[in-house]
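Enquirer: Whole structure, please, built from the sequences with the hints as guidance.
Residue numbers (the numbering used here), protein chains in the order written: chain A, 0 to 247; chain B, 17 to 315; chain C, 624 to 935.
Hints in this document: simulated from the structure, not taken from any laboratory.
In silico contact screen, one side only, chain A against chain C (beta carbon under 7 angstroms); selected entries:
1) P73
2) R74
3) R83
4) Q89
5) T92
6) A103
7) A105
8) F110
9) A113
10) L114
11) T115
12) L117
Heads up, the beta-carbon is just placed ideally off N, CA and C, and yes, glycines get one too.
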Amino acid sequence: MTQPLLKVSNLKVAFDGVTAADGANVTIAENEFVAIIGPNGAGKTTFLNLCTGYVRPSAGDVFLRDRNITRLTPRAITRLGIARAFQLPQLFTDHSIFDNVLLAIAARRGFWQALTPLDRDSYREEAQQLLELVGLAKVAAFRSTELSEGMRKLADIVLAMALKPQLLLMDEPTSGVSSDEKFDIMETIVRALRAEKVAALFVEHDMEIVRRYADRVLVWNAGRVMAEGTPEDILNDPYVRENVVGVV
Amino acid sequence: MLQAFIPLLVDGLANAAVIFFVAVGLTLVFSVLHILNVAHGSFYAIGAYVAVSLSLWLLAAGLPPVLTFPALLLSAAAVAALFGPLIERTFLRWTYGKPEAVQILVTFAIFLILEDLQRLVFGVQSFYQDTPMQLLGSITIGGIMYLNYQLLLIVLAIVVLVGLRILINNSRMGKLMVAVVTDREVAQTLGVRTDRVFMIAFTIGVFLAALGGALASPTSGVAPGLGAETMVLAFAVAAIGGLGQIEGAALAAVIVGVARALAIYFVPELDVVVPYLVMLLVLLVRPYGLFGRVQARRV
Amino acid sequence: MRILPTLLFLAIVAALPIAVPWLQFVFTLALAHGLAALGVALLLRAGLISLGHATYYALGAYAAAFLSRSVGVTDFFVLIAGGILVAAAAGVLIGLFMVRYRSIFFGMLNLAVSMILFAFLAKFYGLTGGTDGIRVSTPTVFGAAFDRKTFGDVLFYSLLVIIALVTFGVTRYLRSPMGEALSAVHTNEVRLEYLGISVNRVLLSAYTLSAALAGLGGAIGGIAIGHVVPEMAYWTGSGHLVLVAVLGGIGGVLGPLIGSVFLELVHTLAAGYASDVWNLIVGVTLLFVIFFLPQGLYGLPARLFGRKEAAK
Chain A
0 MTQPLLKVSN LKVAFDGVTA ADGANVTIAE NEFVAIIGPN GAGKTTFLNL CTGYVRPSAG
60 DVFLRDRNIT RLTPRAITRL GIARAFQLPQ LFTDHSIFDN VLLAIAARRG FWQALTPLDR
120 DSYREEAQQL LELVGLAKVA AFRSTELSEG MRKLADIVLA MALKPQLLLM DEPTSGVSSD
180 EKFDIMETIV RALRAEKVAA LFVEHDMEIV RRYADRVLVW NAGRVMAEGT PEDILNDPYV
240 RENVVGVV
Chain B
17 MLQAFIPLLV DGLANAAVIF FVAVGLTLVF SVLHILNVAH GSFYAIGAYV AVSLSLWLLA
77 AGLPPVLTFP ALLLSAAAVA ALFGPLIERT FLRWTYGKPE AVQILVTFAI FLILEDLQRL
137 VFGVQSFYQD TPMQLLGSIT IGGIMYLNYQ LLLIVLAIVV LVGLRILINN SRMGKLMVAV
197 VTDREVAQTL GVRTDRVFMI AFTIGVFLAA LGGALASPTS GVAPGLGAET MVLAFAVAAI
257 GGLGQIEGAA LAAVIVGVAR ALAIYFVPEL DVVVPYLVML LVLLVRPYGL FGRVQARRV
Chain C
624 MRILPTLLFL AIVAALPIAV PWLQFVFTLA LAHGLAALGV ALLLRAGLIS LGHATYYALG
684 AYAAAFLSRS VGVTDFFVLI AGGILVAAAA GVLIGLFMVR YRSIFFGMLN LAVSMILFAF
744 LAKFYGLTGG TDGIRVSTPT VFGAAFDRKT FGDVLFYSLL VIIALVTFGV TRYLRSPMGE
804 ALSAVHTNEV RLEYLGISVN RVLLSAYTLS AALAGLGGAI GGIAIGHVVP EMAYWTGSGH
864 LVLVAVLGGI GGVLGPLIGS VFLELVHTLA AGYASDVWNL IVGVTLLFVI FFLPQGLYGL
924 PARLFGRKEA AK
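Expert: Here you go:
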């Protein structure tokens with residue numbers, strides 16, 4: 000069996016007496032698209048934070064292939080190939096979207112330069128390509144504060160994609176996006192990720208998105224995986240439908 | 017050895033008392049308005065100048081010297097009444113919500129203006145008016161003489177500390193202030209007149225600074241540059257205690273006051289440096305000051 | 624680089640003293656302070672307010688004075704190189720812990736350091752000359768000795784060249800990834816870390832550069848006046864640097880230089896007619912600029928002629 004891309008074993012953490020992660024065990028294979036669903040407060044975002052070093056677990060380990068990344072900083076983990084997109088888009092609000100992407104590209108290709116411009120042709124080309132891919136090229140000159148929530152979310156994801164990661168973590172990628180845009184955006188992202196052979200782990204509340212784009216679904220509850228399987232299995236499971244999806 | 021230590025301690029505590037007045041005002045203003053008032057030291061100096069001038073006038077007019085005591089209090093009140101609402105309403109109000117650098121610069125500009133106004137109104141010589149100190153005399157305990165005025169300062173500082181705490185915990189205005197400090201937006205939504213709270217908090221801050229200056233004037237006199245010196249000292253003490261922490265300012269004042277007294281006795285060259293060394297050391301270990309609280313960022 | 628405004632500025636600054644000779648010294652000092660204010664402006668882009676940058680100005684000045692008095696160095700360029708190196712070295716050492724702090728706390732720690740330096744300079748008479756300071760004798764330039772007046776001319780024109788080089792260099796820096804990262808730190812440093820970039824490293828580079836600029840300014844200022852004093856490290860000096868940076872506008876590299884020249888001119892004129900109220904005039908001017916010119920003096924032409932000035 001090939002080594003999994005990401006392996007999480009027995010992760011535990013508690014905040015102020017609330018157990019946010021209670022022995023979480025997860026594996027993600029290369030190129031796999033895994034969705035995390037679950038009720039609010041189940042610890043899904045905390046899980047993403049644990050994987051990227053924003054939160055330290057009290058017990059358990061996170062492995063990226065054979066490397067233990069549990070105690071590394073977000074910066075180190077990013078450099079090793081895990082990129083993060085956030086529930087609330089995290090962008091540089093004083094720069095245009097285009098410059099945001101340039102910064103991400105520079106972060107990957109050569110940041111520690113004091114005399115050569117950020118705004119150079121090779122970076123520009125790549126930024127332009129990326130933005131065209133997701134349909135943001137037309138608004139790239141604007142600041143993030145001037146754009147809709149959906150575009151900001153997309154920009155946030157583009158920043159993560161610009162890092163050419165092996166694994167992309169997304170937190171509700173289509174929330175805040177209008178329902179007619181949702182599927183187009185998700186389609187674009189998924190296609191781009193598959194083309195680059197990037198695996199993805201994403202938290203989602205929209206079951207239709209999950210059904211269409213996830214290879215596997217993890218049902219999260221009270222800090223651990225309650226059930227896992229293909230979208231078909233999970234979304235047809237009566238217990239899940241009642242307790243998580245809210246459909247009887 | 018103990019013989020030498022106690023007078024040192026009293027010196028240090030009396031010094032701490034004065035520092036406390038000015039630092040607690042600064043920290044209170046920061047806590048409620050989120051503004052670091054660079055002109056705060058100027059109110060200390062103006063309080064001192066007014067107190068000295070008023071005392072000199074009293075004595076020249078042949079009035080009983082004992083009136084110099086209420087004159088100290090009156091000076092502080094006058095300075096607060098004049099400058100508090102004026103500055104808060106006109107200049108500070110405009111800076112709310114603006115970047116920190118702008119807020120600091122507005123108060124720095126006010127500091128610069130007040131520096132010259134002091135010179136214009138009070139002149140450039142140094143003054144000394146120690147009648148209140150003389151009137152109280154001294155007592156001798158265990159063979160050592162202590163100035164009663166110093167003891168008075170310490171008592172007054174404790175009174176102010178306790179008084180502030182009671183005011184904040186029990187009075188209506190105090191509770192409004194806490195609400196504004198905790199969450200300005202929510203307070204406004206609940207109908208709290210935040211502009212009034214700001215004005216009152218700022219005026220109290222000015223009063224405390226001016227009071228410190230007035231109370232210190234019999235022991236140290238006044239001279240140009242007092243405002244600048246005091247400002248940076250108050251800042252250091254407030255930072256050590258934790259910006260916004262009243263008890264913190266008290267503890268920090270005691271530490272700095274006593275440390276300075278020790279320095280003057282043992283290593284006089286270090287006397288001026290002591291507050292900043294303490295500040296550096298404390299902030300390196302506890303970045304938010306002794307009693308300061310962290311605000312975490314959530315992603 | 625905004626070549627035209629820079630050349631225009633340098634041309635005006637170079638030309639005016641020909642008509643009004645006493646302006647040369649005024650401009651020399653103004654540009655020296657302007658360099659330090661430029662250092663402050665760089666940090667302001669990252670949201671960091673250095674309330675103690677006078678530290679590096681003083682270190683640069685005293686380094687030059689020491690080299691001149693105790694080490695026997697006479698060459699002008701070696702002296703200012705010394706000033707830059709000492710200030711930059713201090714910047715790295717102090718910056719190493721300083722960059723962990725933000726906003727007011729960053730400001731406060733810098734202030735503490737500057738006051739400690741001030742006290743040290745003022746007290747240790749044997750080493751630093753105490754409150755008297757140290758005299759700096761007129762340097763030589765590539766071996767040639769000049770009288771005070773001629774040296775003043777050489778200094779002034781050398782300074783113009785230095786300013787041109789610095790403007791060029793800093794503009795390139797601000798356009799580079801490391802320079803652009805400064806305002807990124809201000810707007811979202813978490814995101815920067817999540818791009819794999821060390822925020823502390825970005826800030827340390829900026830801090831060291833800003834210290835070097837202030838040291839350069841201090842060395843030149845000390846040499847120009849011929850005397851270095853502990854007051855160079857006092858907190859009001861740092862306040863003036865922040866003032867000049869914001870007055871001129873932190874949006875560009877020219878801003879702090881323009882602000883400094885403007886302020887120094889006001890100072891000189893005030894000294895002539897109203898020396899008692901110099902602080903008052905500066906305070907009122909500062910308030911005026913803050914209230915009516917949010918982008919500083921640098922944004923003034925744009926406002927006058929109605930163009931929208933980009934905030935970058």
